[in-house]
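*Asks:* One letter stands for each residue in the lines below.
Protein chains: 2
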Amino acid sequence: MNGVAPQFARLALIGFGLIGGSIARAARAQGLAAEIITTARSEKTRARVAELGVVDRVVDTNVEAVRDADLVILCIPVGACGAVAQEIAAHLKPGAIVSDVGSVKGAVVKDMAPHLPKHVHFVPAHPVAGTEHSGPDSGFAELFINRWCILTPPEGTDAGAVDRLRAFWAAMGAKVEVMTPEHHDLVLAITSHLPHLIAYTIVGTADELAQVTSSEVIKFSAGGFRDFTRIAASDPTMWRDVFLANKDAVLEMLGTFNEDLAKLTRAIRRGDGEALFDHFTRTRAIRRGIVEIGQDSAAPDFGRPHPQLQKKPD
Amino acid sequence: MNGVAPQFARLALIGFGLIGGSIARAARAQGLAAEIITTARSEKTRARVAELGVVDRVVDTNVEAVRDADLVILCIPVGACGAVAQEIAAHLKPGAIVSDVGSVKGAVVKDMAPHLPKHVHFVPAHPVAGTEHSGPDSGFAELFINRWCILTPPEGTDAGAVDRLRAFWAAMGAKVEVMTPEHHDLVLAITSHLPHLIAYTIVGTADELAQVTSSEVIKFSAGGFRDFTRIAASDPTMWRDVFLANKDAVLEMLGTFNEDLAKLTRAIRRGDGEALFDHFTRTRAIRRGIVEIGQDSAAPDFGRPHPQLQKKPD
Numbered sequence: 001m002n003g004v005a006p007q008f009a010r011l012a013l014i015g016f017g018l019i020g021g022s023i024a025r026a027a028r029a030q031g032l033a034a035e036i037i038t039t040a041r042s043e044k045t046r047a048r049v050a051e052l053g054v055v056d057r058v059v060d061t062n063v064e065a066v067r068d069a070d071l072v073i074l075c076i077p078v079g080a081c082g083a084v085a086q087e088i089a090a091h092l093k094p095g096a097i098v099s100d101v102g103s104v105k106g107a108v109v110k111d112m113a114p115h116l117p118k119h120v121h122f123v124p125a126h127p128v129a130g131t132e133h134s135g136p137d138s139g140f141a142e143l144f145i146n147r148w149c150i151l152t153p154p155e156g157t158d159a160g161a162v163d164r165l166r167a168f169w170a171a172m173g174a175k176v177e178v179m180t181p182e183h184h185d186l187v188l189a190i191t192s193h194l195p196h197l198i199a200y201t202i203v204g205t206a207d208e209l210a211q212v213t214s215s216e217v218i219k220f221s222a223g224g225f226r227d228f229t230r231i232a233a234s235d236p237t238m239w240r241d242v243f244l245a246n247k248d249a250v251l252e253m254l255g256t257f258n259e260d261l262a263k264l265t266r267a268i269r270r271g272d273g274e275a276l277f278d279h280f281t282r283t284r285a286i287r288r289g290i291v292e293i294g295q296d297s298a299a300p301d302f303g304r305p306h307p308q309l310q311k312k313p314d
Numbered sequence: 001m002n003g004v005a006p007q008f009a010r011l012a013l014i015g016f017g018l019i020g021g022s023i024a025r026a027a028r029a030q031g032l033a034a035e036i037i038t039t040a041r042s043e044k045t046r047a048r049v050a051e052l053g054v055v056d057r058v059v060d061t062n063v064e065a066v067r068d069a070d071l072v073i074l075c076i077p078v079g080a081c082g083a084v085a086q087e088i089a090a091h092l093k094p095g096a097i098v099s100d101v102g103s104v105k106g107a108v109v110k111d112m113a114p115h116l117p118k119h120v121h122f123v124p125a126h127p128v129a130g131t132e133h134s135g136p137d138s139g140f141a142e143l144f145i146n147r148w149c150i151l152t153p154p155e156g157t158d159a160g161a162v163d164r165l166r167a168f169w170a171a172m173g174a175k176v177e178v179m180t181p182e183h184h185d186l187v188l189a190i191t192s193h194l195p196h197l198i199a200y201t202i203v204g205t206a207d208e209l210a211q212v213t214s215s216e217v218i219k220f221s222a223g224g225f226r227d228f229t230r231i232a233a234s235d236p237t238m239w240r241d242v243f244l245a246n247k248d249a250v251l252e253m254l255g256t257f258n259e260d261l262a263k264l265t266r267a268i269r270r271g272d273g274e275a276l277f278d279h280f281t282r283t284r285a286i287r288r289g290i291v292e293i294g295q296d297s298a299a300p301d302f303g304r305p306h307p308q309l310q311k312k313p314d
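Chains as they are written, first to last, in the working numbering: chain A, 1 to 314; chain B, 1 to 314.
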């Protein structure tokens with residue numbers, strides 16, 4: 001890369017949620033495409049995108065969106081990627097790059113690749129970035145800064161196409177890494193999918209207790225629980241599809257997690273303070289590593305704001 | 001309360017970690033005590049507190065600290081409270097209020113109460129507030145603002161003493177609630193102790209995988225995992241003691257959690273997208289509730305900062 005960001009004459013974004021909307025805003029801010037075309041499944045979303053004025057053109061169908069596009073990115077739940085690939089296949093411009101942003105790669109490659117014509121370059125991608133918000137208003141241009149974007153090009157993919165997509169993501173602030181879909185799915189199972197599953201579980205547990213009311217759970221959530229509610233407020237459709245599409249890797253990680261939880265549970269039951277202390281000391285190092293490489297804030301409590309004390313009246 | 005914060009002639013803080021240090025700073029900022037005396041177990045901490053200059057006097061022993069104090073607060077791990085109560089009992093000023101800040105209340109009451117003389121008022125307390133940082137430098141005066149502080153006075157405790165402690169916490173910005181130690185321990189088991197246990201578990205799991213390296217876990221942690229590492233970086237001694245002291249309630253909540261996790265696991269294994277979607281939709285409401293009552297930030301991603309995009313060179 002030579003410091004000059006790549007230009008695509010026409011970028012087509014299929015789907016305009018948190019990720020699609022952030023790509024649109026970042027690509028426009030950085031001048032990465034001469035024209036940005038968007039579509040979305042619901043008429044309401046398309047109307048809102050048109051109102052927002054962050055893309056050049058909003059069209060009604062996927063087929064219209066991809067026509068003459070040099071870069072097509074599917075920004076939709078992973079379960080929908082196969083059908084959309086089939087729908088757009090015959091309308092893709094020869095030489096176009098086709099990509100996605102799905103949190104699972106093995107299933108997406110399996111679902112999309114068979115439909116795509118030989119004359120396009122298929123470079124699956126996953127920006128490891130997000131917030132708990134969703135919908136067309138939730139995106140912002142800075143979302144990908146200092147976050148990793150993982151590319152999983154199938155064997156034999158044109159290296160020039162991979163480089164162009166890499167430069168596109170780098171220009172939006174991301175660091176880019178290439179790996180196989182299988183390894184991606186294992187890494188994300190532990191760094192993203194299992195954490196979401198556990199957060200969804202405990203928030204559900206807390207909501208249904210007989211002995212403690214939901215209102216108490218909400219009031220006293222600052223003891224740790226509130227941290228879990230953030231990712232358990234993520235988009236339900238997206239996450240349903242992730243668990244269905246990455247079943248094997250998630251179940252494997254879950255098996256290891258359950259064994260480890262059983263070990264700590266046994267230490268609590270037996271009153272083995274030494275085992276607990278040792279475990280709790282080891283886990284601090286991972287946090288330090290994450291803060292050191294800039295993947296989280298060093299500020300206490302994620303930098304959550306604290307109001308000022310009101311001086312008491314004398 | 002009449003708008004004027006209460007005055008204590010002498011406040012003694014035993015222990016000067018995150019909570020003790022935050023009480024010292026907040027009490028001084030609000031003028032809640034004419035004199036603040038502190039001690040800590042380690043000489044290094046005592047020297048650091050003296051350097052910080054946020055209290056009036058640092059003394060070497062617990063017995064010296066409590067002499068003539070009107071309010072004594074133990075700010076130490078819950079496992080140490082019984083022994084310290086025994087040590088200070090004969091030196092407490094008649095009419096003094098003795099309190100603590102422990103995250104478990106049943107065990108603390110059981111450990112401390114038998115040692116305390118009849119001529120003091122024992123009002124156990126738990127401010128539900130904190131960060132992942134610990135040590136004498138980690139406290140700050142704003143920590144308790146808009147957070148709940150739970151008081152668990154034993155039956156027959158002098159109402160005037162409870163009111164004075166309530167006003168003390170309110171003057172530091174806290175909202176105060178009174179409940180039984182037993183109910184406190186159930187509420188905190190789900191809102192704080194189980195979340196910590198699960199976070200400690202998954203961070204340990206991620207650190208020991210054969211298929212994914214720790215360095216990959218750290219790099220790609222923004223997919224959700226990093227949220228868990230914050231509370232898994234909390235003080236190991238404090239948390240060892242919490243799990244030993246609140247064993248029954250934690251094991252009970254863990255039992256329910258495990259049943260719920262098994263249900264979601266079954267849904268994944270069977271490919272039951274509808275069950276997953278329904279669950280993931282319900283959990284959003286709890287997050288909304290927490291944000292609505294000001295127990296967390298409405299900003300996406302806890303308000304974590306995002307750097308600005310650097311405009312590409314043309």
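What the hints contain is simulated information worked out from the structure, not anything from laboratory work. Any given hint might turn out to be false.
Remember, identical chains collapse to one label, so a pair may be satisfied in a single copy or spanning two.
Straight-line distance between alpha carbons at most 20 Å, and here's what the computed SDA-like set of lysine to any residue pairs gives [stated by the list, open to error]:
#, residue 1, residue 2
1, Lys175, Val162
2, Lys247, Leu209
3, Lys44, Thr180
4, Lys263, Gly303
5, Lys175, Thr256
6, Lys263, Glu252
In this text, all values refer to a predicted model and were calculated from it rather than measured experimentally.
*Asks:* Each hint should be assessed against the structure and marked as holding or not.
*Replies:* The hints, checked one at a time:
For the homomeric pair Lys175 and Val162, the shortest alpha-carbon distance inside one copy (14 Å) is at most 20 Å, but the shortest distance between copies (56 Å) is not. Taking the shortest Cα distances, Lys247 and Leu209 sit within 20 Å of each other only across copies (18 Å), while inside one copy they are farther apart (28 Å). Taking CA atoms no more than 20 Å apart as the test, Lys44 paired with Thr180 passes in neither setting, with 37 Å inside one copy and 51 Å between copies. In this assembly of identical chains, the alpha carbons of Lys263 and Gly303 never lie at most 20 Å apart, being 33 Å within a copy and 35 Å across copies at closest.
For the homomeric pair Lys175 and Thr256, neither the shortest alpha-carbon distance inside one copy (30 Å) nor that between copies (41 Å) is at most 20 Å. In this assembly of identical chains, Lys263 and Glu252 lie within 20 Å of each other by CA distance both inside one copy and across copies; the values are 17 Å within and 16 Å between.
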